[in-house]
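K.L.:
One-letter residues, chain by chain:
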Amino acid sequence: MSIFEELQQAIIDGKAPVAKQLTERGLKEGIKPHEFFPKAIIPAMDEVGRRMRDCEFFIPEVLIAARAARGSTDILRPLLMGEEAIKPVGTVVIGTVKGDLHDIGKNIVAMMLESAGFRIVDLGVDVPPEKIVEAVKQHEANFVALSALLTTTMVNMKGIIEALVAAGLRDKVKVLVGGAPLTDGWAHSIGADGYGKDAPGAVELARKLAPASA
Amino acid sequence: MGTPLRDLLFEQGVEFPCGGQGRCRGCRIRVLKGKAEVNQAQQERLSGEEIAEGWRLACQCAVEGDLEIELRQWDAAILVDETPFAFRPRQGLGVAVDLGTTTLVAQLLDLATGRVLAVSTALNAQARYGADVMSRLHFAVLGGGQAQLEALIRQQIGALIEQLLFSAARQGAEIADIVVVGNTVMHHFFCGIAAEPLAHYPFEPTEGGLQTFRSSALGWKLVGDPRVRFLPCLGGFVGSDVLAGILAAKLPEHDDLVGLVDLGTNGEIVIGNKEGLVCASTAAGPAFEGAKISMGMRAATGAISQVTLSPPLNPLLNEEGSKANPLLTEEGTKGWCSHGRLHCRVIGGGTPRGLCGSGLVDAVAAGLELGVITTSGRFANGEASWMLASPVTLTQNDIRELQLAKAAIAAGIKLLMQRKGATELARLYLAGAFGNYIDRMSAQRIGLIDFPPETVEAAGNTALLGAKLALFSLDSEGGSYAEVRRRIEHVALNADPSFQDVFVEELAFP
Chain F
1 MSIFEELQQA IIDGKAPVAK QLTERGLKEG IKPHEFFPKA IIPAMDEVGR RMRDCEFFIP
61 EVLIAARAAR GSTDILRPLL MGEEAIKPVG TVVIGTVKGD LHDIGKNIVA MMLESAGFRI
121 VDLGVDVPPE KIVEAVKQHE ANFVALSALL TTTMVNMKGI IEALVAAGLR DKVKVLVGGA
181 PLTDGWAHSI GADGYGKDAP GAVELARKLA PASA
Chain A
215 MGTPLRDLLF EQGVEFPCGG QGRCRGCRIR VLKGKAEVNQ AQQERLSGEE IAEGWRLACQ
275 CAVEGDLEIE LRQWDAAILV DETPFAFRPR QGLGVAVDLG TTTLVAQLLD LATGRVLAVS
335 TALNAQARYG ADVMSRLHFA VLGGGQAQLE ALIRQQIGAL IEQLLFSAAR QGAEIADIVV
395 VGNTVMHHFF CGIAAEPLAH YPFEPTEGGL QTFRSSALGW KLVGDPRVRF LPCLGGFVGS
455 DVLAGILAAK LPEHDDLVGL VDLGTNGEIV IGNKEGLVCA STAAGPAFEG AKISMGMRAA
515 TGAISQVTLS PPLNPLLNEE GSKANPLLTE EGTKGWCSHG RLHCRVIGGG TPRGLCGSGL
575 VDAVAAGLEL GVITTSGRFA NGEASWMLAS PVTLTQNDIR ELQLAKAAIA AGIKLLMQRK
635 GATELARLYL AGAFGNYIDR MSAQRIGLID FPPETVEAAG NTALLGAKLA LFSLDSEGGS
695 YAEVRRRIEH VALNADPSFQ DVFVEELAFP
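One line per chain: the protein sequences are F and A, in this order. Residue 214, in this note's numbering, is where the first sequence stops; the numbers in between run on with no holes. Residue 724, in this note's numbering, is where the second sequence stops; the numbers in between run on with no holes.
Keep in mind that the hints were calculated from the coordinates and are not lab data. Incorrect hints may appear among the rest.
[Claimed, not checked] Under the rule of at most 20 Å between Cα atoms (straight-line distance), these lysine to any residue pairs were calculated in the SDA-like manner:
id, chain 1, residue 1, chain 2, residue 2
1, F, K158, A, Y415
2, F, K131, A, P416
3, F, K20, F, H34
4, F, K197, A, P218
5, A, K249, A, V294
6, F, K15, A, K628
7, F, K15, A, S590
8, F, K197, A, A696
9, F, K32, F, Q21
10, A, K435, A, G306
11, F, K87, F, Q21
12, A, K628, F, T73
13, F, K197, A, T589
14, F, K28, F, D46
15, F, K158, F, R207
16, F, K87, F, V121
17, F, K197, F, D103
18, F, K158, A, V355
19, F, K15, F, P88
20, A, K628, F, I104
21, F, K15, A, A722
22, F, K172, F, V89
No experiment lies behind these values; they were computed from the predicted model shown.
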């Protein structure tokens, strides 16, 4: 098994210390930091996404795998700063809407997007529209990803889209929405650019809508 | 456009878990004869195969001609209370009402003897606008339907009271006092208090206090215009039903730490003793009620309500009589479907049709015990489902739904235990219908109620019992419950940063 295959397996199995060791060993053996992403981390998290879809993995397994992936990326990111810096696929401002405190689903989406090469600005939970608008400006984001788990709070997504319009930012970002009570039809009706049925779905969507230059 | 099928079916007692929004699959029907259109919501929620077989979401259909349908739903089992209780006699008649999100129970009492003269029960008429409190709040707040919900429930309880007097042959008799208990949302709907703040974080009641009315102000024409009191709430999702439960189970009289858990869509948890109590609610979702479970149904005819193994999980438990394995008794195998070590009890005998909450908990416990299900919740053989008793299967997704519900309750209990610095409880009371039917051994096996079964006790409808007790102690403004209320601290679990971590930990099975 190559070191990339070993690292993939360690991430899928959620073995953070092993993932770290393998990353360090690979660097010592002369592998370039940016190579780890397409050859190990991204395919590993894609596999985690597939298993999640197939009900093979549940929230704990996904979180543990994401933590293992992070063990590896935490070592690699500082090394990518120099000439080897890879441009993020896109910048995503993510948060759970105002009035709602659910953050597990949002965190899983954030971690999967991050492993897929997106830069993540996580605003947390109970996020008012102003904060989203401000973050989009400040970080020049291409995506706004919104989560809501309550039928009574999901309507606040509409307010956020309106705030983006009012700030003149609507055509600068793609708005992705998700959460248990949502449907594709509803997402469409409030003017979102896409609805992610689950975390892998959100990643797929973000990849599809990512700026062509990346 | 035709007549909405929702209206027609609701009259017949059919429930619409998501409030008729086409979001859940709870109101599935199969069209046997006639025509019902498929709209987009149905295409999203039903598979092509199901649509081809005639399955529809009743809430999304309108009918123009005769229609013959098959229903996937059930009758509701409503738990009343006949527990003897101590009281200070007073003159006259009293009425105690447990206003539940799903069901209503009212009892007429002779306050001099404490005797229950009549009982009436019904499905909450508001249920057509959503089965759980959140979807009903959605209708009230975003759909502008709060006044409608208020009128519906006042009217329905008024009719229930008249029915009580009628069945006790006391028409025209004077009622001295009426006490109503219910969760905070029901409190706001009944009392006509703005429910909007309950729909989002921080979920604080507008006005959670004791509400007193004259029955005429509620539109009830009762002799003597009796006083009607809705007992006070404890917090955003913890209402007077829990306060009543605390009184009924006498939690504040214990020296040792004890607990009260109501297993429902909103799980409520209380832990404490005479020194003080903490309470919280936790969103368990509808898995215990059979919703979102592929073959889920209420505990009605055709439901698998119990699953056991031979030899049983714990033979000792049967000798102690906690829950005898009926297979070992005279009743023999009647009403049981068996294959291999697995035995399923079907309510009413006959062909199994689905799985109710207690059966679901049992099935997963049995699966864990047999090694069919791993501690992560995955089927060990990687299959997508497990046959319990043909044609009823347990799917991988069903286990996931149960894991979410179980983790919410278990995490809530764990955090409240931590607050009290407790590692064990002298006694844990299970309130409500589900707590009455769930197998304590199985509940422990899946980590839902992780306490030795001998310390866990089904306490029945404690909300109704507490409401009855309040009829006798309400003379002074407040009485005993007001004093108790001051000693209860409400904990907002959703705002506790460690809740989500503990929740994720609790998703796995022991």
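K.L.:
With reference to the structure, classify each hint as holding or not holding.
P.N.:
Okay, the hints, checked on the actual structure:
Note on F:K158 and A:Y415: the hinted pairing holds, with a Cα-Cα distance of about 18 Å set against a maximum of 20 Å. A threshold of 20 Å between alpha carbons decides the hint, and for F:K131 with A:P416 the separation of about 19 Å falls inside it, so the pair holds. Distance restraint check for F:K20 and F:H34: the Cα-Cα separation of roughly 15 Å lies within the 20 Å cut-off, and the hinted pair is therefore satisfied. A distance of roughly 29 Å separates the Cα atoms of F:K197 and A:P218; the hinted pair therefore is violated under the 20 Å criterion.
At most 20 Å may separate the alpha-carbon atoms for a hinted pair to count; A:K249 and A:V294 exceed this at roughly 41 Å. Among the hinted pairs, F:K15 with A:K628 is inconsistent with the structure: their alpha-carbon atoms are about 27 Å apart, more than 20 Å. Of the supplied pair hints, the one linking F:K15 and A:S590 holds, its CA atoms being roughly 16 Å apart against a limit of 20 Å. With a C-alpha separation of about 47 Å, the suggested pairing of F:K197 with A:A696 is violated against the 20 Å cut-off.
With a C-alpha separation of about 16 Å, the suggested pairing of F:K32 with F:Q21 holds against the 20 Å cut-off. With a C-alpha separation of about 18 Å, the suggested pairing of A:K435 with A:G306 holds against the 20 Å cut-off. Pair hint F:K87 plus F:Q21 does not hold up; C-alpha atoms about 26 Å apart against a cutoff of 20 Å. Restraint check: the Cα-Cα separation between A:K628 and F:T73 comes to about 33 Å, which exceeds 20 Å; the hinted pair is violated.
Pair hint F:K197 plus A:T589 does not hold up; C-alpha atoms about 26 Å apart against a cutoff of 20 Å. Straight-line distance between C-alpha atoms of F:K28 and F:D46 comes to about 26 Å, which puts the hinted pair past the 20 Å bound. Of the supplied pair hints, the one linking F:K158 and F:R207 is violated, its CA atoms being roughly 23 Å apart against a limit of 20 Å. Taken as a hint, the F:K87 and F:V121 pair is honoured in the structure, with Cα atoms around 15 Å apart against an allowance of 20 Å.
Between F:K197 and F:D103, the direct Cα distance comes to roughly 16 Å. Compliance with the 20 Å bound is thereby established for this hinted pair. Pair hint F:K158 plus A:V355 holds up; C-alpha atoms about 16 Å apart against a cutoff of 20 Å. Of the supplied pair hints, the one linking F:K15 and F:P88 is violated, its CA atoms being roughly 26 Å apart against a limit of 20 Å. Simply put, A:K628 and F:I104 have alpha-carbon atoms about 19 Å apart, close enough for the 20 Å limit, and the pair holds.
Annotation: proposed proximity of F:K15 to A:A722 holds, straight-line Cα distance about 17 Å (limit 20 Å). Under the criterion of a C-alpha separation no larger than 20 Å, the hint pairing F:K172 with F:V89 is consistent with the structure, at around 15 Å.
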